[in-house]
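Engineer: Construct all of the structure, not just a fragment, from the sequences and the given hints.
Line order of the protein sequences matches chains A and B. Here the first sequence is numbered in the numbering used here, starting from 1 and rising by one per residue. Here the second sequence is numbered in the numbering used here, starting from 1 and rising by one per residue.
Hints were generated in silico from the structure; no laboratory data involved. Fair warning: there could be bad hints in the mix.
[As the list claims (entries may be wrong)] If you want the footprint, here are the derived chain B segments under chain A, 3+ residues with CB under 8 Å:
{"id": "1", "stretch": "12-21"}
{"id": "2", "stretch": "63-69"}
{"id": "3", "stretch": "73-79"}
{"id": "4", "stretch": "87-94"}
[To be verified] Cross-link-like lysine to any residue pairs, in silico, SDA-like; alpha carbons within 25 Å at most:
{"id": "5", "chain 1": "B", "residue 1": "K28", "chain 2": "A", "residue 2": "G189"}
{"id": "6", "chain 1": "B", "residue 1": "K39", "chain 2": "A", "residue 2": "A95"}
{"id": "7", "chain 1": "B", "residue 1": "K28", "chain 2": "A", "residue 2": "A148"}
{"id": "8", "chain 1": "A", "residue 1": "K27", "chain 2": "B", "residue 2": "F95"}
{"id": "9", "chain 1": "A", "residue 1": "K27", "chain 2": "A", "residue 2": "W190"}
{"id": "10", "chain 1": "A", "residue 1": "K127", "chain 2": "A", "residue 2": "D65"}
{"id": "11", "chain 1": "B", "residue 1": "K28", "chain 2": "A", "residue 2": "A151"}
{"id": "12", "chain 1": "A", "residue 1": "K27", "chain 2": "A", "residue 2": "G107"}
{"id": "13", "chain 1": "A", "residue 1": "K127", "chain 2": "A", "residue 2": "E202"}
{"id": "14", "chain 1": "B", "residue 1": "K28", "chain 2": "B", "residue 2": "Y49"}
{"id": "15", "chain 1": "A", "residue 1": "K127", "chain 2": "A", "residue 2": "R230"}
{"id": "16", "chain 1": "B", "residue 1": "K28", "chain 2": "A", "residue 2": "D147"}
{"id": "17", "chain 1": "A", "residue 1": "K27", "chain 2": "B", "residue 2": "G94"}
{"id": "18", "chain 1": "A", "residue 1": "K127", "chain 2": "A", "residue 2": "R229"}
{"id": "19", "chain 1": "B", "residue 1": "K28", "chain 2": "A", "residue 2": "T150"}
{"id": "20", "chain 1": "B", "residue 1": "K28", "chain 2": "B", "residue 2": "G53"}
{"id": "21", "chain 1": "B", "residue 1": "K39", "chain 2": "A", "residue 2": "G189"}
{"id": "22", "chain 1": "A", "residue 1": "K27", "chain 2": "B", "residue 2": "N92"}
{"id": "23", "chain 1": "B", "residue 1": "K39", "chain 2": "B", "residue 2": "A26"}
{"id": "24", "chain 1": "B", "residue 1": "K28", "chain 2": "A", "residue 2": "P154"}
{"id": "25", "chain 1": "B", "residue 1": "K39", "chain 2": "A", "residue 2": "T94"}
{"id": "26", "chain 1": "A", "residue 1": "K127", "chain 2": "A", "residue 2": "P231"}
{"id": "27", "chain 1": "B", "residue 1": "K39", "chain 2": "A", "residue 2": "S92"}
[What the hints assert, rightly or not] Part of the chain A face toward chain B, derived, beta carbon under 10 Å:
{"id": "28", "residue": "S92"}
{"id": "29", "residue": "V93"}
{"id": "30", "residue": "T94"}
{"id": "31", "residue": "V101"}
{"id": "32", "residue": "E144"}
{"id": "33", "residue": "W145"}
{"id": "34", "residue": "D147"}
{"id": "35", "residue": "R149"}
{"id": "36", "residue": "R183"}
{"id": "37", "residue": "T184"}
{"id": "38", "residue": "G189"}
{"id": "39", "residue": "W190"}
{"id": "40", "residue": "Q191"}
For glycine and all other residues, C-beta sits at the position ideal for the given N, C-alpha and C.
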Amino acid sequence: MSLIPGATQVFSVDQLSTGCAVIFLAKRVPASPKVFGEAQRLAIGQVLAELADEGWQLSVRAMFDPSVAEPMVFDTGFAHNIDLAGVFEAPSVTAALEGTVRLEAAGWNRRFDTEWLIGPRELSTVKGIGDPVDRPWGFVAFWEWNDARTAASPEERRRNDADCDIAFQADLDANINMTGRHRTDWMHGWQHLSIWEATSPELIDHAMYEHERVLDFRFTTSRHYVGRRRPLADFLATN
Amino acid sequence: MSETIWIHYARPRPHWYDLSDERQTALKAEWSASAERSKSVGAARVGAYHIRGNHDFETVEIWSFPNAEAAYEHWVRLTIAGYNEWFAYANNIGFGPIE
Chain A
1 MSLIPGATQV FSVDQLSTGC AVIFLAKRVP ASPKVFGEAQ RLAIGQVLAE
51 LADEGWQLSV RAMFDPSVAE PMVFDTGFAH NIDLAGVFEA PSVTAALEGT
101 VRLEAAGWNR RFDTEWLIGP RELSTVKGIG DPVDRPWGFV AFWEWNDART
151 AASPEERRRN DADCDIAFQA DLDANINMTG RHRTDWMHGW QHLSIWEATS
201 PELIDHAMYE HERVLDFRFT TSRHYVGRRR PLADFLATN
Chain B
1 MSETIWIHYA RPRPHWYDLS DERQTALKAE WSASAERSKS VGAARVGAYH
51 IRGNHDFETV EIWSFPNAEA AYEHWVRLTI AGYNEWFAYA NNIGFGPIE
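Structural biologist: Here's what the structure looks like:
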């Protein structure tokens with residue numbers, strides 16, 4: 001599969017992975033038990049079990065620790081107009097797309113209004129530096145390289161990339177895990193996705209100041225979601 | 001699912017208008033050649049349509065591909081040819097046709 005370059009000091013091109021992110025931004029739909037009940041909940045569970053058997057990773061956590069099997073998402077309702085943001089990783093683009101159709105058909109569409117994005121992996125995961133800690137907070141970042149970047153010279157872009165690496169290194173030094181980069185531009189307006197795992201929303205906010213200082217957002221326009229990790233099962237419960 | 005439809009919205013970025021007519025024509029020819037490559041491997045271009053009067057973008061272009069990977073590769077070839085440097089865009093895909 002063809003991928004674009006973009007490796008830096010912090011991020012390396014992932015030559016080995018064929019992983020493809022399945023991103024879902026979902027809002028719960030009020031529905032009676034007749035519309036979404038145990039039958040749908042169990043059917044979705046069955047599809048998720050099949051996806052796991054087919055080689056899917058069903059959480060951001062699993063991208064760092066493949067032994068994590070439980071499907072998990074980020075609970076974003078407290079700060080956003082969506083209730084949850086989740087990212088799975090499928091073995092291929094087609095598997096990713098077909099997985100979304102299977103989930104919707106199993107009853108997902110009765111519980112959630114969902115925006116699905118599909119993005120092949122480009123850059124590898126990078127783990128934070130420091131003691132092993134729980135990082136229950138997720139930071140889901142979409143961005144595009146904007147008009148200013150596309151009008152800039154190659155040297156200006158290289159300098160900006162190098163400056164941004166200073167901020168990314170500071171993120172790693174703050175013991176933040178980063179999923180690398182997935183490419184979504186072929187099927188969406190957002191071009192790229194990266195997800196972080198962090199110990200707190202305050203740490204994420206603090207990190208943004210450094211990204212602003214190095215002029216990350218001069219050349220990128222972005223959308224950020226913050227949420228706390230929760231089992232997907234919590235959002236599918238029917239009682 | 002036997003077909004992937006690919007919907008591509010586009011408008012020129014501001015610095016596109018600074019290019020000479022000759023340079024614009026040369027770039028368009030390069031992107032056309034890239035599109036011809038996609039046709040040679042099974043894609044079909046339905047066409048491009050004007051949409052400025054009812055959308056954020058200027059045109060919408062619609063293609064049919066044999067599968068999602070082919071749509072992805074089509075876009076990657078265009079970006080390697082620098083298309084995304086000169087045009088802002090938003091893309092969609094759909095599976096079908098639905099019976």
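Engineer: Using 10 Å as the Cβ threshold, decide whether S92(A) counts as touching chain B.
Structural biologist: 8 Å, holds
Engineer: What's the verdict on K127(A) and E202(A), does the C-alpha distance respect the 25 Å limit or exceed it?
Structural biologist: The hint holds at about 19 Å.
Engineer: Take the C-alpha atoms of K39(B) and A95(A), compute the straight-line distance between them, and say whether it is at most 25 Å.
Structural biologist: At roughly 24 Å apart (the allowed maximum being 25 Å), A95(A) and K39(B) satisfy the hint.
Engineer: Mind checking, does the stretch 63-69 of chain B have 3 or more residues with a CB under 8 Å from chain A?
Structural biologist: holds (count 3)
Engineer: If you draw a straight line from the CA of K39(B) to the CA of G189(A), is it 25 Å or shorter?
Structural biologist: OK: K39(B) and G189(A) at ~24 Å, within 25 Å.
Engineer: For a C-alpha distance cap of 25 Å, please report whether K39(B) and S92(A) respect it.
Structural biologist: 23 Å, holds
Engineer: Cut-off 8 Å, C-beta pairs, minimum 3 residues; does the coverage of the stretch 87-94 of chain B by chain A stand?
Structural biologist: holds (count 6)
Engineer: Given the hinted pair K27(A) and N92(B), is their Cα-Cα distance within 25 Å?
Structural biologist: 20 Å, holds
Engineer: Straight-line Cα separation of K28(B) and T150(A) no greater than 25 Å?
Structural biologist: Judged against 25 Å, a Cα distance of about 17 Å means the pair holds.
Engineer: Keeping to a limit of 25 Å between CA atoms, is the pair of K28(B) and G189(A) held or broken?
Structural biologist: 21 Å, holds
Engineer: Report holds or violated for the interface hint on G189(A), using the least CB-CB distance to chain B and a cut-off of 10 Å.
Structural biologist: 3 Å, holds
Engineer: Can we keep the R183(A) interface hint, with Cβ of chain B closer than 10 Å?
Structural biologist: 9 Å, holds
Violated hints are absent here; each numbered hint is respected by the structure.
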